[in-house]
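S.K.: What follows is each chain in one-letter form.
Number of protein chains: 6
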Amino acid sequence: MYLQLSTWPDIEAYLKHSSGVVIPIGSTEQHGPTGLIGTDAICPETIAGGMAEQDILVAPTLSIGVAQHHLAFPGSMTLRPTTLIAVIRDVVASLASQGFTHFYFLNGHGGNIAPVHTAFAEIWSEASLSSEPSNLHLKLGNWFAGPRVNRLSQELFGDADGKHATASEVSLTWHAYPEQQRDAELEPRRAPDGAIRDAAGYRANFPDGRIASEPQLATREHGRRFYEAGLADALEEYRRFVSPAEG
Amino acid sequence: MYLQLSTWPDIEAYLKHSSGVVIPIGSTEQHGPTGLIGTDAICPETIAGGMAEQDILVAPTLSIGVAQHHLAFPGSMTLRPTTLIAVIRDVVASLASQGFTHFYFLNGHGGNIAPVHTAFAEIWSEASLSSEPSNLHLKLGNWFAGPRVNRLSQELFGDADGKHATASEVSLTWHAYPEQQRDAELEPRRAPDGAIRDAAGYRANFPDGRIASEPQLATREHGRRFYEAGLADALEEYRRFVSPAEG
Amino acid sequence: MYLQLSTWPDIEAYLKHSSGVVIPIGSTEQHGPTGLIGTDAICPETIAGGMAEQDILVAPTLSIGVAQHHLAFPGSMTLRPTTLIAVIRDVVASLASQGFTHFYFLNGHGGNIAPVHTAFAEIWSEASLSSEPSNLHLKLGNWFAGPRVNRLSQELFGDADGKHATASEVSLTWHAYPEQQRDAELEPRRAPDGAIRDAAGYRANFPDGRIASEPQLATREHGRRFYEAGLADALEEYRRFVSPAEG
Amino acid sequence: MYLQLSTWPDIEAYLKHSSGVVIPIGSTEQHGPTGLIGTDAICPETIAGGMAEQDILVAPTLSIGVAQHHLAFPGSMTLRPTTLIAVIRDVVASLASQGFTHFYFLNGHGGNIAPVHTAFAEIWSEASLSSEPSNLHLKLGNWFAGPRVNRLSQELFGDADGKHATASEVSLTWHAYPEQQRDAELEPRRAPDGAIRDAAGYRANFPDGRIASEPQLATREHGRRFYEAGLADALEEYRRFVSPAEG
Amino acid sequence: MYLQLSTWPDIEAYLKHSSGVVIPIGSTEQHGPTGLIGTDAICPETIAGGMAEQDILVAPTLSIGVAQHHLAFPGSMTLRPTTLIAVIRDVVASLASQGFTHFYFLNGHGGNIAPVHTAFAEIWSEASLSSEPSNLHLKLGNWFAGPRVNRLSQELFGDADGKHATASEVSLTWHAYPEQQRDAELEPRRAPDGAIRDAAGYRANFPDGRIASEPQLATREHGRRFYEAGLADALEEYRRFVSPAEG
Amino acid sequence: MYLQLSTWPDIEAYLKHSSGVVIPIGSTEQHGPTGLIGTDAICPETIAGGMAEQDILVAPTLSIGVAQHHLAFPGSMTLRPTTLIAVIRDVVASLASQGFTHFYFLNGHGGNIAPVHTAFAEIWSEASLSSEPSNLHLKLGNWFAGPRVNRLSQELFGDADGKHATASEVSLTWHAYPEQQRDAELEPRRAPDGAIRDAAGYRANFPDGRIASEPQLATREHGRRFYEAGLADALEEYRRFVSPAEG
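Protein chains in written order, with our numbering: chain P, 4 to 250; chain H, 4 to 250; chain W, 4 to 250; chain Y, 4 to 250; chain C, 4 to 250; chain B, 4 to 250.
By construction, these hints were calculated from the structure, which means they are not laboratory data. Take these hints with a grain of salt, some might be off.
For chains that are exact copies, the list does not tell them apart, and a pair is met inside one copy or across any two.
Here are the simulated lysine to any residue pairs, SDA-like style, with alpha carbons at most 25 Å apart [said to hold, decoys possible]:
1. K166 <-> H140
2. K166 <-> N138
3. K166 <-> A130
4. K166 <-> E240
5. K166 <-> R243
6. K19 <-> A187
7. K166 <-> D58
8. K166 <-> A99
9. K19 <-> R228
10. K19 <-> D211
11. K166 <-> A148
12. K19 <-> P195
13. K19 <-> Q219
14. K166 <-> D13
15. K166 <-> Q57
16. K19 <-> E158
17. K19 <-> I116
18. K19 <-> P150
19. K166 <-> S22
20. K19 <-> P136
21. K166 <-> R92
22. K19 <-> Q184
23. K19 <-> E188
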């Protein structure tokens, strides 16, 4: 069930049996010479699509994340972290005003993890500083870090999966957009590893944008399997999150 | 050409012949008992899809706008205006750092008009207060206000098109998502008109969410015609915007 | 009745029969070689003076608006739009805390329109996101856009009135400050038209500061007529605004 | 010379021989049962008027200051301190972009002193944190604290002048607006003294709004003398401030 | 009683008989060639240590203040004033949420005075703009400005104590850290006096960092006397502040 | 070498051979019935003390972190995350303006991890959005997560060390403040485990403040060993961080 494709009476009805919502959050940033700039948004959006088929409400994807370190590659976009915090604060407050209590952000980008957790603390701070209890349950799930996905990545690629522009995520985007498959020789075969700082430093250390990865290993069929693993991981985590026992 | 479905070398190549980009911007808010909550994002996104087919770069849709007045209807979301200003500031700065100069926001929501223009003034203020020239060209186009669209609305609906949850926009969403067509008796046939304030006041004045409209007049075929009119309007405006004469 | 020239018991008494207030808002910016820098504040302040004579409460003029595009001309001042939003938020909250509910901003500057409407949405957002009804009624009236003023402008100047440093507003400032009348040859007679961006771009496109106008047509007698037309427009709009029917 | 009553070529000419400007800053707040709400803006504005006659450039008065503690009395207005800081930052940056270097804020309200000095530190912080020298000279002068004014207050009222709604300032407003003179019995004759906190606490401690004062001692003739003393104090301080030796 | 060396049940018990707390606030900034960079934090922290021995609760020292003007000397640190305002707002709100009502900031740095008072007004503004009474009592005490300390400074140094890197404060740091005593010839013997602006201007006017002072006069024994005088001043002021009569 | 106990010429000399600095960062929050409220600040401050003995520059401890979830226990303090981001931004900018390039934050509190990393991204965003290279190297080290500390914790306590108010950290505070040792029966012996949300939820789930821990296992001798392990971990990580190879 997609929020954008629902009417307000649909949501009114949904709230009678659930106060949970899934919000895909990604990034719009370079993913090496062959990876799509939208990779980090496409991946959680695709998996959330499977959740939507199971009567779980899915909000519009937050497509732009914190990716300042990628800006030296054309097409990359970032929000300042404090901007993303404000966006998440407003998104949560909007739906909370109508009775939603459980917000599951399904994330596709490592650079969002700290800012999203920081946004959660910012939101709860208002209640805590007012000595008022909050009924908000906020959780970040990373599709690329679930147990089934990790096992599959290990099985298919071992440590060749790397850290940015990985074969895992490229495979999943090809599952979602089969016509976007691109092949290219990449030199070196495996990209270098290292630490991330600002955009200029990133491009100096990782000249083609990849980190420690071999996206050449991606296939559409692998992508199908990552979709299934990712969906199972996300469903399991979401259902536990919204269950009364966990609440 | 979609930014999300491009690679960074694609964008590097694009920048050699164009420094313009289209950014659809919408809202996620109730559109009456039968209109989709995503209407205001779907409409500009759909028209931008036609622009993308003509080798114009289209960035990810900013799906959440300023819609505080709709919050009393479940599923509606808002950014505070100052949050949207920060988002636009960061989005523009990101792509400007790579050489983009012309930003065309294709808008689907009346409530965004003032905040987006305000964001433009905020962005230019930095240059102006520093006595530095800005090379940024920022424009907001409203798909629903172009000359061809207005003529078509007048021809098909006259003043029955109304102001919110209009037959025009509902038609266009059905063109984009034919399976989402919904029929319902609406009482009164034409919704009341009036002024907008906060969310509680809005729901009191407009009990089913519509303003002055008769979305019952929508058809998928009308939607196809709005798509064509809207695309022609947007292409004309965009091309004038990025032409050197206008620059 | 001027707020600044009242005592607090005066205002306490006023609140027993009215909860409305007029707040003139303008700008401090160049108005061409012969127009006063204070034009956009003087005009609404002058008209509001007429309202004050009719027992309507008039607050101090907000003299500095959003005028970043004028900064390349000495003497021009701007607030960043987000600063103006904060000012309006605080001004409204101050008087609202004492029982005022209807705020009519009488505006003299086009560049304020978007930021002031954005401020209104920012103010209502707090109530809407808290699921609380707001009793605040916020309206922006532009003295230069009322029906009587527009008719008079058309009658006296036709399309020679132009867009910035217009004969209409210059006339009105001469009505208010007769000793400030200035005559000068201006070249070209009618200033060029075009789009507004940042300050450097503005001065490049509009070298003497005017846009599409012929302030040479201004006279003090015209100014008297604009004062009367503007006052009638503003009184009509304000009275409708504060009437229970409209509320 | 008033900025609002000048043209941009006038200011261009002024900048050839001076880069200093006077900015009156006041407050809009209750001044007891008989004092005008605009007292703290009227006083510095009136004295600045004398400076304007001596070819010193005077900008529009910033009429609303930090007066949160007065809000329990109708008609009082406040800016949050952080809002006032933003206003001052933008005002200074605007004129600095055109070559102004010396900003003399002529103040009428004790509650503005800390926020204005804080704004100065905020402005200089940008330069200091960037290891760049600033050419901005920022000074706050309090009309009520100059040597001649203090001597006159002592001579006329001794310690009966008090702290808020003083006979000094009331006298000066009557000099400026003779028709606004109001007489009333006040009980107690001299208002109580004490500490200031929030608005509710203020009204509880100072029921009619005055602090330690006897505005009944005010006369229009005293006001004329305060005007002359205040003008001499301000001129002396301003001239020393803009002189190269002090620079 | 130190907050950091207490447990939460200790504080729960403390709140049964007192709702007051002392918060030392200082700065980390150059203090001339021989003064410690931590001088302005060490001094109030040391005096607060004496208060802690008398069962007054002492919170952790806020060691970094507003010191933008010192940044041209290595090791100096500043918060922007608006940052310090946010820190103080959060610190007060945290303890206020648990029942603390009286906050006594014991300050060691002149540059903090305006920002801390501004923070107080910012905090009270929230209550005042909401027409709600605040139970917060906020006070800034400057250890260097108490009556006993001033008398001692006058007695020991007269006007040679100066304004920055004074013999008084250097003496007190030597009392606290006897092993940190440093002797050096300083040229000129007494540092120059003047006005403070930004960092570059400060270093130009005060080449070794001192202002009008002769820290060569400092001794450890003087420091002991300043400690005793400062403690007596602070205890007296704090006890008056938290007494019901003053409340 | 402590920044606070240095003079500016000391720091000028230090910068000739190193541009690195250690900044301890902690929290002021409840640590169960027997743990000190200052635990999370005391631990990194104590270990940084060992680094200071090895000629590494140590700045003042940032004692207040993000601890909104602890506020329901008296004595706990928090900064809003956005406040902490501003503090870190200013601290880094201050020392960077003087030539420091490597900032090592030695952290004692899990709740700071996301906000500090978010602050790093915020800082780098400014450079990245300006297409300028940043020379800032920013790193967060958690004393409780180093390899030697983890081994020691496992050896001494196994999984009884838990998550909040752990035997490890309590031991270390007793090493630093031997006189603060407190013994108490705690019921249940091992505290419950669970998820963290706001303050009220925290106190409901963890009634005495501990999470999954048995601080009864703490001893002063264990604390000595944690100090040595923590110091070795931190020294190793810091030296790698500032080495040219890593740079």
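S.K.: With reference to the structure, classify each hint as holding or not holding.
M.R.: Against the structure, the hints:
no., hint, verdict
1, K166 <-> H140, "between (30 Å within a copy, 20 Å between copies)"
2, K166 <-> N138, "between (36 Å within a copy, 24 Å between copies)"
3, K166 <-> A130, "between (37 Å within a copy, 23 Å between copies)"
4, K166 <-> E240, "both (23 Å within a copy, 22 Å between copies)"
5, K166 <-> R243, "between (28 Å within a copy, 22 Å between copies)"
6, K19 <-> A187, "between (51 Å within a copy, 22 Å between copies)"
7, K166 <-> D58, "neither (33 Å within a copy, 32 Å between copies)"
8, K166 <-> A99, "neither (35 Å within a copy, 27 Å between copies)"
9, K19 <-> R228, "neither (34 Å within a copy, 38 Å between copies)"
10, K19 <-> D211, "between (50 Å within a copy, 19 Å between copies)"
11, K166 <-> A148, "both (12 Å within a copy, 22 Å between copies)"
12, K19 <-> P195, "neither (51 Å within a copy, 29 Å between copies)"
13, K19 <-> Q219, "neither (47 Å within a copy, 28 Å between copies)"
14, K166 <-> D13, "between (40 Å within a copy, 22 Å between copies)"
15, K166 <-> Q57, "neither (31 Å within a copy, 35 Å between copies)"
16, K19 <-> E158, "neither (42 Å within a copy, 42 Å between copies)"
17, K19 <-> I116, "neither (31 Å within a copy, 35 Å between copies)"
18, K19 <-> P150, "neither (32 Å within a copy, 44 Å between copies)"
19, K166 <-> S22, "neither (35 Å within a copy, 30 Å between copies)"
20, K19 <-> P136, "both (22 Å within a copy, 23 Å between copies)"
21, K166 <-> R92, "neither (29 Å within a copy, 28 Å between copies)"
22, K19 <-> Q184, "between (43 Å within a copy, 24 Å between copies)"
23, K19 <-> E188, "between (54 Å within a copy, 24 Å between copies)"
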